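Residues per chain are reported as follows:
Number of protein chains: 2
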Amino acid sequence: MTSATNPVTSPPVFHVYDTTLRDGAQQEGINLSVADKLAIAPLLDELGVGYIEGGWPGAVPKDTEFFRRAAKELDLRHAVLAAFGATRKAGVRAWDDPQVRALLDSEAPVVTLVAKSDVRHVERALRTTPEEGLAMITDTVTFLAGEGRRVVVDAEHFFDGYRYDPEFSRAAVRAAFEAGAEVVALCDTNGGMLPGWVEQIVAELRDDLAVPHGRDARPGDPLLGMHAHNDSGCAVANTLAAVDAGAAHVQGTVNGYGERTGNVDLLTVVANLELKHGLRTLAGAGLEETTRIAHAVSEIANISPYARQPYVGSSAFAHKAGLHASAIKVDPDLYQHIDPTAVGNDIRMLVSDMAGRASIELKGRELGFDLSGQSELLTRVTSRVKDDEANGYTYEAADASFELLLREEITGERPGYFRVESWRTIVARAGGRGTEAEAEATVKLRAGGERIVTTGEGNGPVNALDHALRLALTRVYPEIEAFELIDFKVRILDTEQGTGAITRVLIETTDGVTSWSTVGVGPNLIEAAWEALTDSAIFGLVHAGVDPR
Amino acid sequence: MTSATNPVTSPPVFHVYDTTLRDGAQQEGINLSVADKLAIAPLLDELGVGYIEGGWPGAVPKDTEFFRRAAKELDLRHAVLAAFGATRKAGVRAWDDPQVRALLDSEAPVVTLVAKSDVRHVERALRTTPEEGLAMITDTVTFLAGEGRRVVVDAEHFFDGYRYDPEFSRAAVRAAFEAGAEVVALCDTNGGMLPGWVEQIVAELRDDLAVPHGRDARPGDPLLGMHAHNDSGCAVANTLAAVDAGAAHVQGTVNGYGERTGNVDLLTVVANLELKHGLRTLAGAGLEETTRIAHAVSEIANISPYARQPYVGSSAFAHKAGLHASAIKVDPDLYQHIDPTAVGNDIRMLVSDMAGRASIELKGRELGFDLSGQSELLTRVTSRVKDDEANGYTYEAADASFELLLREEITGERPGYFRVESWRTIVARAGGRGTEAEAEATVKLRAGGERIVTTGEGNGPVNALDHALRLALTRVYPEIEAFELIDFKVRILDTEQGTGAITRVLIETTDGVTSWSTVGVGPNLIEAAWEALTDSAIFGLVHAGVDPR
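Chains A and B are the protein sequences, given in the same order. What the first sequence shows, in UniProt numbering, is residues 1 to 549, in sequence order. What the second sequence shows, in UniProt numbering, is residues 1 to 549, in sequence order.
Since the hints were made in silico from the structure, they are not lab data. The reader is advised that the hints may include incorrect statements.
The list cannot tell twin chains apart, which means a pair is met if one copy fits it or any two copies do.
To be verified - Computed cross-link-like contacts, SDA-like style, restricted to lysine to any residue with a CA-CA straight-line distance of at most 20 angstroms: (1) Lys386 x Glu28; (2) Lys363 x Ala296; (3) Lys444 x Ala430; (4) Lys444 x Ile426; (5) Lys62 x Ile502; (6) Lys62 x Val385; (7) Lys444 x Thr454; (8) Lys386 x Glu376; (9) Lys386 x Val60; (10) Lys62 x Gly392; (11) Lys62 x Leu493; (12) Lys386 x Leu404; (13) Lys363 x Glu28; (14) Lys386 x Pro340; (15) Lys89 x Gly146; (16) Lys363 x Gln26; (17) Lys62 x Asp36; (18) Lys386 x Ala59; (19) Lys444 x Glu421; (20) Lys444 x Gly434; (21) Lys62 x Gln99.
This structure is a prediction, so every number in the text was calculated from the model and none was measured.
Turn these sequences into a full structure, and let the hints guide you.
Here it is in structure tokens:
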């Protein structure tokens, strides 16, 4: 690979610290149950992170419950659990603060304390003195370390604070180390840093406090860490800049989940460190499981995977340009920054209107058909794809429709599961503004030797047709009950003609295990949707191994 | 703001070069029509980029068409159009290469040539010698510059090439400058660079070729540029690193659209340069229009906006209401890296904040209503807009619907041109695959004192409804004959629910002189379209000065 320049070295001390379950769960739209967290933690352990921050016991009831159950139910091989909490309140002793005691009660071997390291936050948010702010750090770390806990301190708003008043921010970090913290993670809480600023500040701080550079650190040495957010789009680079400047501990979340623009994507950071810096950072299955684990976590968090996510996204190694397809086939290294299999991802050729025979052949191979040497077939498929795409189809987003096309060209026919006689859908609103419209659809088809007529209702014409089609087919193919429509997209092409334009409908269906996409096109939106709906059913039945009845 | 440390300076030479219409269109799922491109270009110009790369005339027929129409139809105030193409083929003269001639024929004042600058690509993909590779650059640039075109050279695979064989890559850049290129943009085509590598390589190259640092460059000086992709999650930082090292030209796309993990997000780059580096880079409306333009482009490209996108994402300044809510209200600067209004975004947890009212007041003024001092009305409109947008409406892209809303709140009623009694549409296909479906619609309404019942046909249900509605209204309002539907867009929101999702329809109508957009929303696509169709008719009649009859 062109970019992996260094041999892999394993530093004696380096922490990969995951906070998906705590800071990641702050993301808009994410709401992890205890069961979700108990399902995600083993995946993180399998990946090989060193630390799993599980939540804030005491402050969040379900996090208290998570630590209780995790102690009994989780069997982690690589990672240790960290409980997140805050330094003691102003004016009370650490052992009298119930929030601090709850951290002990969680029985997590590591406690991570958020501590204010920007003097403005001490004065304006805590409304106390800088001296008391430092004492809160010293007391809480001393207390927890004295109880045998390993302590990480998250120095909140560190960089903004340092740029405003370096003296206080430095004093906060020093207080944490002196009281027994193993790591002080420097937080870009508002996410606005740029890499040059981070590198300079971390280097200065490390010099001032005589903290060894990460590459020279030995067990027992004080360590600096980095906790980045992505508000200026530089979270990954900021984390790498901190490591370059001597940090030996990186915090982040799977898929970059987190508040606002998200935390740094720990998967990208780790892939960069391993594949580009030659630093071995994961203990477990490692990088090759990254893509699988990224998608599994997104399933549990119920957040659609982001196609453009570096390394693990479904588009991350997808190539469109047909012109280059033959070159990519010969020399993939020249066209991708790493070998996608290193992160468990795969090269994907998009069938598009620039498609040449080479990319169709590659696509066929991906789908399990060896088309090499079948020159006539390749020509036929290529020209059909070109014709179809000129008419508005797009196979790059509809693998299943492409596979049906390929099967049809190879076998000479479509699988004959059913024969549609006719269909009709009616949408009507019986009253004026404010009245609701109603939709129903009737489908007449032949399957399994019988003629079937069904009517479905829905909140729109496509929904009603979907219901009617399912109702009809389920009689003969009960397998279809497992199929569920999960995405429906409409694109109007050639929009200059207003409602007379051509419509393209993309439908994604799942059987609970895998999912597939089909496309339909026509001047009539309903007809386009019908084509995608029927193709989806056919593809699902083919892949369920069902024969036409 | 804590991070805007430098006063704003305007460098004498700095290029913001947008390639949304060319490289951005390579993204999986994006397929821009000529009309789409003609709609996006004015938005880019409004933002104030210096260059708009429109496509590859000659190679892609619809790009040829784009340049033909752009020359006549676009009235750009800030940006110039750039035509993208390749250096001549090996073994032919530049003026004999039809692809090169097509660049001239496009009449774009700037031509951007992709040139191979990695010797391995010259040898293995072009299958020619390094000498011929360099001659291809020299000849093509010389020819185009001789024809009076300003020439930018995109040095493809530059960084990978330089790390493998710096001598050839350097020679390629030198050849481009010597032949008359104004800018050589260094491309991280595979997107795998890290900022430290970029900074070092750009600085070395600049020294070797005696190119001035961007901050010292004067008009006429050779300039280095950066073209980044996001495969290691560092595209923004890599671009900033190149600028730090002396680049004076940044390429990118709106919303980071592009192949694989995308191109660098030009909006993030520009916001960082302006707000953090204190560099004035945009000529037009500037940063405050960023969020609006980002969303408008995503509407046209029909790609869901990414909530976590830096600066412009809907979550970018969203704070989960909780412990910090009041602190954030008092001291927002302590909790956000920039003032969100600087990029036209908004803090999201304040339910009816002043910024919302202020922008509605501004919008009202834009539409000719003076709302200043009308506090109660403003509150009512603000809260109605917020409610509607939470339900899927978007007034951003539907000025006409917003104006009707505003009129309704001001006058207490909608203009009473007609009263709908009921409508119905039927779509049916009487036969199997291959048969065409037919659509018809019946509308019953009261207007001009009579009850009117009409039936329209169309190639789809919306088309049929549109015809029926026009037919009915034309009897009483012949003015409506001048109206024509010119755009129709459908967006499925909350797509996880398949065909049960909420649908938003945007419709654009023209009377031949001006055009207006309306929005409809509902679980039923047809009903959403009906709402947009009727609003469009009402708005058109209001603006034609027609009184209800």
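To see whether the hints hold, each was checked on the structure:
no. : hint            : in the structure
1   : Lys386 x Glu28  : between (32 angstroms within a copy, 17 angstroms between copies)
2   : Lys363 x Ala296 : within (16 angstroms within a copy, 34 angstroms between copies)
3   : Lys444 x Ala430 : between (26 angstroms within a copy, 10 angstroms between copies)
4   : Lys444 x Ile426 : both (15 angstroms within a copy, 16 angstroms between copies)
5   : Lys62 x Ile502  : between (33 angstroms within a copy, 17 angstroms between copies)
6   : Lys62 x Val385  : between (38 angstroms within a copy, 18 angstroms between copies)
7   : Lys444 x Thr454 : within (7 angstroms within a copy, 29 angstroms between copies)
8   : Lys386 x Glu376 : within (15 angstroms within a copy, 58 angstroms between copies)
9   : Lys386 x Val60  : between (43 angstroms within a copy, 14 angstroms between copies)
10  : Lys62 x Gly392  : between (33 angstroms within a copy, 14 angstroms between copies)
11  : Lys62 x Leu493  : between (30 angstroms within a copy, 13 angstroms between copies)
12  : Lys386 x Leu404 : within (16 angstroms within a copy, 45 angstroms between copies)
13  : Lys363 x Glu28  : between (35 angstroms within a copy, 15 angstroms between copies)
14  : Lys386 x Pro340 : within (18 angstroms within a copy, 44 angstroms between copies)
15  : Lys89 x Gly146  : within (19 angstroms within a copy, 73 angstroms between copies)
16  : Lys363 x Gln26  : between (35 angstroms within a copy, 18 angstroms between copies)
17  : Lys62 x Asp36   : within (11 angstroms within a copy, 49 angstroms between copies)
18  : Lys386 x Ala59  : between (46 angstroms within a copy, 16 angstroms between copies)
19  : Lys444 x Glu421 : within (5 angstroms within a copy, 32 angstroms between copies)
20  : Lys444 x Gly434 : between (33 angstroms within a copy, 16 angstroms between copies)
21  : Lys62 x Gln99   : within (15 angstroms within a copy, 64 angstroms between copies)
Violated hints are absent here; each numbered hint is respected by the structure.
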